[in-house]
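Whole structure, please, built from the sequences with the hints as guidance.
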Amino acid sequence: AQSVTQPDIHITVSEGASLELRCNYSYGATPYLFWYVQSPGQGLQLLLKYFSGDTLVQGIKGFEAEFKRSQSSFNLRKPSVHWSDAAEYFCAVGKGGGADGLTFGKGTHLIIQP
Amino acid sequence: KAGVTQTPRYLIKTRGQQVTLSCSPISGHRSVSWYQQTPGQGLQFLFEYFSETQRNKGNFPGRFSGRQFSNSRSEMNVSTLELGDSALYLCASSSRATGGTGELFFGEGSRLTVL
Chain P
74 AQSVTQPDIH ITVSEGASLE LRCNYSYGAT PYLFWYVQSP GQGLQLLLKY FSGDTLVQGI
134 KGFEAEFKRS QSSFNLRKPS VHWSDAAEYF CAVGKGGGAD GLTFGKGTHL IIQP
Chain H
117 KAGVTQTPRY LIKTRGQQVT LSCSPISGHR SVSWYQQTPG QGLQFLFEYF SETQRNKGNF
177 PGRFSGRQFS NSRSEMNVST LELGDSALYL CASSSRATGG TGELFFGEGS RLTVL
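Going down the list, the protein sequences come from chains P and H.
Per this note's numbering, residue 74 is the first one in the first sequence, and the count goes up by one each step.
Per this note's numbering, residue 117 is the first one in the second sequence, and the count goes up by one each step.
It is worth saying that the hints were derived from the structure and are not from the lab.
The beta-carbon is built from N, C-alpha and C at its ideal position, and this holds for glycine as well.
Be aware that one or more of the hints could be misleading.
[Said to hold, decoys possible] Here are the simulated SDA-like cross-link-like pairs (lysine to any residue), alpha carbons at most 20 Å apart as the crow flies:
| id | chain 1 | residue 1 | chain 2 | residue 2 |
| --- | --- | --- | --- | --- |
| 1 | P | Lys122 | H | Ser211 |
| 2 | P | Lys122 | H | Glu219 |
| 3 | P | Lys179 | H | Arg227 |
| 4 | P | Lys179 | H | Thr154 |
| 5 | P | Lys179 | H | Pro155 |
| 6 | P | Lys179 | H | Asn175 |
| 7 | P | Lys179 | H | Gly174 |
| 8 | P | Lys179 | H | Phe176 |
[Unchecked claim] Listed next, the stretches of chain H that the computed footprint assigns to chain P, with coverage defined by at least 3 CB atoms under 8 Å from CB atoms of chain P:
| id | region |
| --- | --- |
| 9 | 146-159 |
| 10 | 164-178 |
| 11 | 219-231 |
Here it is in structure tokens:
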């Protein structure tokens, strides 16, 4: 079965600093990978997704992620964070062919220091 | 266009009762998925419906059920509530039967508290 690990439960970053959130997945074939963000009291919003092709994908709000097959990783990055980026970030993996929904990581809580 | 709408947003039930949650997808979306979010287990897939048919189901007991209507609106029902059913229940819609492949648009959730 597929699984997703987000090793960092909490991350604190100063406003304006760069950010990298880690995500490792376990899946036998090429996965469908996603990053979602959840603000307090809100649902999840898709930041970006990777299906195939270029391993560096661009998303909304200035985020990007790089798929590294050799490391089974799909880390999320942003060159300069804003206070409004404080939220919960979830990495997710899905199978192709419409099976079993998405498997989410436990999430990383991002705190922005002024 | 309007997003995914879930009702009610908050509700409190007691053990043994049942609850029905409703989800209206984005107009034109025919796929609706349900997820349970708890602090301990995180986000877990419950089931997905497409064109009134359940296509996928997660690893939850039979007390959790759902259905989808011809207008793509969906309901989920939890019978014989247990304390552990306290959670945020999220509905997500998509324009096609996605399984794990498509972009999901999430509602704000229904927060269920079981006393």
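Indices of hints not satisfied (ascending): none
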